[in-house]
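With chain A held as given, fit chain B onto it using these hints.
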Amino acid sequence: MSATLRRLGFLGTVVAVYLFLLAPIAIVVIAAFNAGEYLRFPPEGFSLRWFWKFFASEPFVRAFWFSLKLASFVTVLSTVLGGAAAFYVVRHAGRFRDLLRLFLVAPLQLPAILTGIALLIFFYSVGLGTRGIVGLLIGHTVVSIPYVFLMVGAVLLRFDRTLEEAARSLGASPWTTFRRITLPLIQGGVISGALFAFITSFDQFPISLLLVNVGNTTLPIQLFDYLRFSFDPTAAAASTVSVAMSVAVVWLIHRLVGLEQVTWGGPR
Amino acid sequence: MARAVELARPEPRRPVRSAPPAVLLLLPAGLFLVVFFLVPYVNMVRMSFLTKAQGAAFANVVTLENYLRIFGDTFYWRVIGRTFWLAGLTTVLTLVLGYPLAYAVARASGPRRPLLLMLLLAPLLVGAVVRSYGWMILLGRVGLINQVLRALGRGEAELMYNILGVLIGLVHVYLPFMVLAVAGALEQIPPDVELAARSLGASPWRTFWRVTWPLSLPGVFSGAMLVFVLALSAYVIPILLGGNNVLVMPMLIVQMLLDAFNWPFGSAMAMVLFGLACVVLWAYVKAMNRALRWIPR
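First to last, the protein sequences are chains A and B.
Going by my numbering, the residue at position 78 of the first sequence is 78; the numbering climbs one at a time, nothing skipped.
Each position in the second sequence, counted from 1, maps to that position plus 1000 in my numbering.
Same shape as in the complex, but just chain A (with noise of 0.2 Å):
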């Protein structure tokens, strides 16, 4: 085999694999601006029907507002919890350091759907229930906490803390160290961190399947029940929705910090 034929060979199969993931999303955005009720190939030209049907169902716009709410409010709380936690631990922490820091990822490590169901027997446990949107709020938070917690944290690992030190020494007080050197320098773990919290919170399905209520529906489940009756495109606008806020997160994170620091700069 010849080294040009290889390196063709290799090339076709990334290709193909490449392909092979972005298939089924380009699928749905191409059947969401599609006119006809089936996507056939030739596609039946350009409409964008479904995405009037979309804002026009209110079940959909609804739960898209919903979700929206929801995220962000994650986002704030995950952020700070999950922040304060990794300059804790980073910092901080003696002996119990890795003990922490296994805890406080282990809402990664375990699968979601039975972090749902512990969490939805312990809110009816408590007689707190599931109404609301409480119950959801905790829900997401506690998935999200180790995203933050785990970039906050590699960008803390590699803070060079001399530059506090010469800050507090020239007179700066620790608010006013944390606000001009810390914050500025961490923002870009801080801010992938946030963004994360908040795609995991508008993509969140199995948490949100078990602690969802009547009249507070997520985006994602309102998508899933519709899927399961029935086939029609409105159901591709709602996903070219969701499809657009995760490449709009992933632009943001390239724009803002690169995506390196997401991929592999988290401790380990």
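By construction, these hints were calculated from the structure, which means they are not laboratory data.
Values in this document were obtained by computation on a predicted structure and should not be read as measured data.
Using N, Cα and C, we set each Cβ at its ideal position, and we do this for glycine too.
A hint or two may mislead.
[As the list claims (entries may be wrong)] A short, non-exhaustive set of chain B residues, derived as facing chain A with CB atoms under 7 Å: (1) Tyr1041; (2) Met1044; (3) Leu1097; (4) Pro1114; (5) Leu1138; (6) Gly1155; (7) Leu1159.
Same frame as chain A, but now just chain B:
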């Protein structure tokens, strides 16, 4: 360096309010996870030993009945078996398909690198429901692939609502996890090592099997572990792409909790899945450590 700054600090220091103890940083997240993560799990273990009550989700009567019922019924054994071999097969397939991708990502340079990473991360962040739906459009009875087959006069193929559909969905959804793990390990291998092997006369195949592959094993092992656990607990994909024809444990567990409202039995099934997964992973980690021992570090 830190020492020098310490010494240079102007004396006497301004009176500073004593800093709050650092533990306060940990407390919010720590307490949150203890109350809403640790306690619920412990509670679920307890639940699995209780009894179903008439008209209520459970009664406070301790029993082993739930576990005996699962282990005594071949129906559950078949479902457990299917769940595990589907997860295993998914792991192997993601490795076979993901390795070349990981290699391409790890060795890419310049502007191609962020592009390859982006094309990998974007699908990862798209929810499993949306991705399963994409496959439904492709694989369904009136889906694109069957339209092509019919146009070619090849009739119809059953691509969905069976094991094949579920497997395609599982491999698709968990592939990026494998690629990221393997690429992480491949990154650590300096390209010089491969060049050295080649310059000493090894063929590309020999270089790969004797140098690159062994050095990438840590990534392969951790990726496989991640994909296996994720695939074991997959719920959306088997439901949407398998219809009700491919029964796996997570489906039974959710059914038992939400539809049959039998919390003790549902919890016991969850614990069985969890326990068996731990046994498999324990054996796996032991084997993995043995396999990694001969790699020079």
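Hints, one by one, checked against the model:
With a least beta-carbon distance of about 5 Å to chain A, the hint placing Tyr1041 (chain B) at the interface is held under the 7 Å criterion. At about 4 Å, the closest approach between the beta carbon of Met1044 (chain B) and any beta carbon in chain A falls short of 7 Å, and the interface hint on this residue holds. A least Cβ separation of about 5 Å between Leu1097 (chain B) and chain A falls short of the 7 Å threshold, and the interface hint therefore holds. The interface hint given for Pro1114 (chain B) is met, as the beta carbon of that residue sits about 6 Å from the closest beta carbon of chain A, less than 7 Å.
Against a cut-off of 7 Å between C-beta atoms, the interface hint on Leu1138 (chain B) holds, since the closest Cβ of chain A lies about 6 Å away. Taken as an interface hint, Gly1155 (chain B) does not check out: its beta carbon lies about 17 Å from the nearest beta carbon of chain A, beyond 7 Å. Restraint check, Leu1159 (chain B) versus chain A: the minimum CB separation of about 13 Å is more than 7 Å; hint violated.
The structure fails hints 6 and 7 (numbered hints given earlier, in ascending order).
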